[in-house]
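Chemist: These are the residues of each chain, in order.
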Amino acid sequence: MRAVVFDGVVLGLQFGLLGVGLTLVYGLGGVLNLAQGQLAVLGAIVAALRLDAGSAVVPAVLAGLVVAGTVGLVLDLTLMRPVYRRRGEDRVLLGLLLMLGVSFIIDGVLTWRYPIEALTLRIGGEPVDILGVRMRTGSLLASAIALGVGAILVLFLRYATTGKAVRSVIQDEEGAQLCGVSPATVRAFVFALSGVLAALVAVTRSMTSPVTVNAGIDFTILALIVAVVGGLGSVSGAFLAGILLGVVNTVSAHYIGTYITTIVLLGAAAATIVLRPSGLLGAGRE
Amino acid sequence: VIRRAATVGRVGAPAVRAYAPVVLAAALVALLPLRYADSRPMMGVVIGGVLFACYAVGFNVIFGSTGQLFLCTGALAGLAGYASAILSDRHGLPMALAMLLASLMAAGAGGLLSWIAVSRSLGVIFTGIVTLTFALAFQNLLLGQRDLTGGETGLVVEAGSDTLLGEQVAPFYVFVVLLTAYLALFRALQRSHIGWAFRALRDDEIAAELAGVDVKRYRVLAGTLGSGMIGLAGALYAHSEGFISPSTFSFGEVDVLVIVMLAFGGIGSLLGPVVGAAAFTVLEEWMDSFNEYRLIIYGSVILVLFLVLPRGVVPTVQRLVEVARRRRVDGASAPTARPPADTLTRK
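Keeping their order, the protein sequence lines are chains A and Y. Just so we're aligned, residue 13 is where the first sequence starts under my numbering, counting upward by one. Just so we're aligned, residue 6 is where the second sequence starts under my numbering, counting upward by one.
No lab work stands behind these hints: they were computed from the structure. Don't be surprised by glycine CBs; every beta carbon is placed ideally from N, CA and C. It is possible that part of the hints are untrue.
[Stated by the list, open to error] If you want a taste of the chain A side facing chain Y, the calculated C-beta under 8 Å gives, among others:
1. V104
2. L106
3. L143
4. V193
5. L236
6. V240
7. T274
[What the hints assert, rightly or not] Here are the computed distance ranges between Cβ atoms for each label pair:
8. V16(A) with L33(Y): 53 to 61 Å
9. T90(A) with F248(Y): 41 to 49 Å
10. W291(Y) with T90(A): 21 to 29 Å
11. S221(A) with S166(Y): 54 to 62 Å
12. M47(Y) with S221(A): 38 to 46 Å
13. L153(Y) with K176(A): 49 to 57 Å
14. R331(Y) with K176(A): 45 to 53 Å
15. G49(Y) with R288(A): 23 to 31 Å
16. R331(Y) with V166(A): 50 to 58 Å
17. Y298(Y) with P94(A): 21 to 29 Å
18. P127(A) with D209(Y): 29 to 37 Å
19. Y178(Y) with W124(A): 55 to 63 Å
[Said to hold, decoys possible] Listed next, the stretches of chain A that the computed footprint assigns to chain Y, with coverage defined by at least 3 CB atoms under 8 Å from CB atoms of chain Y:
20. 91-102
21. 119-129
22. 276-286
Whenever a hint applies, use it, and build me the whole structure from the sequences.
Modeler: Take a look at the structure:
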């Protein structure tokens with residue numbers, strides 16, 4: 013039982029990291045980034061290509077993160093401009109549709125050029141005993157990275173000046189502007205950050221199972237569910253939701269069976285939203 | 006967006022003028038077999054287009070009229086499609102009865118989802134995610150319940166193959182009749198007190214509530230009715246196609262396309278679904294020759310379309326016509342009083 017829960021936490025931390033990027037972008041600009049999963053896969057494929065070319069692991073991974081982040085930044089600076097000029101529901105809908113288009117393009121380019129590429133990172137080393145459970149090094153490293161990045165994010169948002177600027181724009185765009193914070197700069201920064209985070213999830217995921225070219229849509233849907241269950245705009249909520257869903261996932265896979273598990277997982281997500289319509293740690297209604 | 010479109014269907018406009026677009030659209034669509042009747046694949050494509058127009062009208066009742074983002078169009082159609090096939094083939098029910106029962110099931114499921122969303126006052130995105138989880142769970146159920154659904158390999162639907170639906174061109178006309186009925190129903194809704202309520206709650210929910218509109222009831226009504234419409238179209242397709250599989254009704258194959266079609270045609274407008282379905286059916290067919298970069302072209306077209314026409318074709322054209330007409334009227338006499346739909350909310 014303990015081992016199963018641990019596995020769930022490992023999975024959940026990555027779910028959480030996946031949700032964080034989506035939740036921040038939505039909280040800031042009302043754009044539901046439906047290309048989140050595709051950015052993740054883009055990063056993974058870039059890393060895989062660098063590895064194929066003989067690069068060492070760390071530079072390859074960094075290249076993947078940088079490319080995903082840059083694409084995020086460019087998207088924000090070009091395509092998202094007309095979106096930010098709108099308000100309310102119009103903005104949400106247009107942002108969603110444009111990012112859907114982007115996700116098709118990224119998917120299309122990747123499956124066209126690199127149909128069989130996949131990223132697999134093999135982390136060597138003996139399994140380590142943690143509280144009497146033997147854990148694979150790959151899972152441990154993946155969780156450590158997810159935890160570390162999550163902690164840095166929370167601290168950054170709480171204490172760093174830029175982090176405070178991000179939170180102020182999430183709370184009140186006009187108010188932040190009056191205090192000298194430029195929402196446009198903050199949004200561009202966070203969009204790039206979410207690209208990097210997405211690619212990072214693909215990288216940590218590849219430490220336990222391969223990330224293939226067509227994994228984008230699954231990543232996106234998972235990110236959406238995690239972000240909404242956690243409460244859109246809340247970083248710690250996304251992690252909480254990720255861990256909750258991760259544990260539900262592995263426990264149910266272990267005791268009930270894999271086929272029902274997805275349904276249990278989706279049911280748990282739906283139930284959370286219905287019971288707490290603003291998410292686990294959501295600030296309030298949109 | 007809705008407000009502009011709504012003025013066209015206002016109560017009191019002469020019935021002939023109100024239903025003219027329905028008749029015109031139906032007549033135009035009905036001409037298609039003149040060109041494609043001798044090609045079975047092309048008839049399949051055209052039937053698919055009309056099917057998606059039907060889905061989009063149903064989705065328009067739910068999302069366009071009352072702002073509930075249902076991301077389970079495919080699942081609702083699939084629920085009815087599989088139910089109708091199983092009821093008629095395995096349990097020997099007459100096809101018509103099976104289709105009716107199946108549509109009622111879809112209506113019930115949609116109504117339930119809508120009721121949950123409304124009674125927990127879920128926002129647009131949250132309603133979207135809850136219905137999305139339903140769609141994904143349904144997809145998994147289809148794959149898992151092999152004995153009932155045939156799993157991934159799909160299900161051959163026998164019932165209907167010995168009727169009109171088994172022919173090459175006839176099913177097309179059945180679908181055109183269905184689409185015409187849906188459009189007429191949509192227009193009738195717009196012109197009735199229900200349409201008033203829909204517009205009021207879409208414009209300003211709180212104001213509508215204060216004006217005595219039972220927002221909850223009308224949302225659930227729209228969810229139930231629209232889901233029933235989607236279900237009936239899905240069931241009909243199951244019998245006319247003779248084969249269904251999970252991918253026939255998957256989120257990626259149905260919902261994404263329906264949303265894009267409706268958003269392109271114009272959310273909340275009468276003919277938006279038809280315009281959108283026509284445009285994207287042509288686009289899909291045209292792209293078939295670019296197999297490899299299909300997705301890239303598709304994505305780029307979506308980007309360009311929505312950057313240029315963020316409100317959708319039908320409302321944009323309507324606005325242009327409106328502006329031209331007003332200019333003419335202004336030239337001739339004093340500006341006429343506009344009959345805006347939003348007077349209801351301001352009363």
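Chemist: Against this structure, judge whether each hint is valid.
Modeler: The hints, checked one at a time:
1. Given the 8 Å rule on beta carbons, the hint for V104(A) holds: about 7 Å separates it from the nearest Cβ of chain Y.
2. Proximity of L106(A) to chain Y holds as hinted, the smallest CB-CB distance being about 5 Å (cut-off 8 Å).
3. Taken as an interface hint, L143(A) does not check out: its beta carbon lies about 33 Å from the nearest beta carbon of chain Y, beyond 8 Å.
4. The criterion of a C-beta within 8 Å of any C-beta in chain Y is not met by V193(A), whose closest approach is roughly 25 Å, and the hint is violated.
5. Look at L236(A): its Cβ gets to within about 6 Å of chain Y, closer than 8 Å, so that hint holds up.
6. Interface restraint check for V240(A): the shortest CB-CB distance to chain Y comes to about 4 Å, inside 8 Å, so the restraint holds.
7. Hint status for T274(A): holds, given a least beta-carbon distance of 5 Å to chain Y, under 8 Å.
8. About 60 Å separates the C-beta atoms of V16(A) and L33(Y), a value consistent with the hinted range of 53 to 61 Å.
9. For T90(A) and F248(Y), the Cβ-Cβ distance of about 44 Å falls inside the hinted range of 41 to 49 Å, so the restraint holds.
10. Restraint check, W291(Y) to T90(A): a C-beta distance of roughly 27 Å satisfies the suggested window 21 to 29 Å.
11. Remark: the range hint 54 to 62 Å for S221(A) to S166(Y) is contradicted by a beta-carbon distance near 44 Å.
12. Distance hint check for M47(Y) and S221(A): the Cβ-Cβ separation is about 43 Å, which falls inside the suggested range of 38 to 46 Å.
13. Taken as a hint, the range 49 to 57 Å holds for the pair L153(Y) and K176(A), whose Cβ atoms sit roughly 55 Å apart.
14. Between R331(Y) and K176(A) the beta carbon distance is about 50 Å. The supplied range of 45 to 53 Å therefore holds.
15. In this structure the hint that G49(Y) and R288(A) lie 23 to 31 Å apart at CB is violated, the actual value being about 46 Å.
16. Look at R331(Y) against V166(A): about 55 Å separates their beta carbons, and that is inside 50 to 58 Å.
17. For Y298(Y) and P94(A), the hinted distance range of 21 to 29 Å is satisfied, since their beta carbons lie about 25 Å from each other.
18. A beta carbon spacing of about 50 Å between P127(A) and D209(Y) contradicts the range 29 to 37 Å that was offered as a hint.
19. At about 39 Å, the beta-carbon gap between Y178(Y) and W124(A) misses the expected band of 55 to 63 Å.
20. Given a C-beta distance limit of less than 8 Å, the hint that chain Y covers the segment 91-102 of chain A holds, as 5 residues qualify and 3 suffice.
21. Counting residues of the segment 119-129 of chain A whose beta carbon lies closer than 8 Å to any beta carbon of chain Y gives 5, which reaches the threshold of three, so the coverage claim holds.
22. Under a criterion of three residues with beta carbons nearer than 8 Å to beta carbons of chain Y, the stated coverage of the segment 276-286 of chain A is upheld, 6 such residues being counted.
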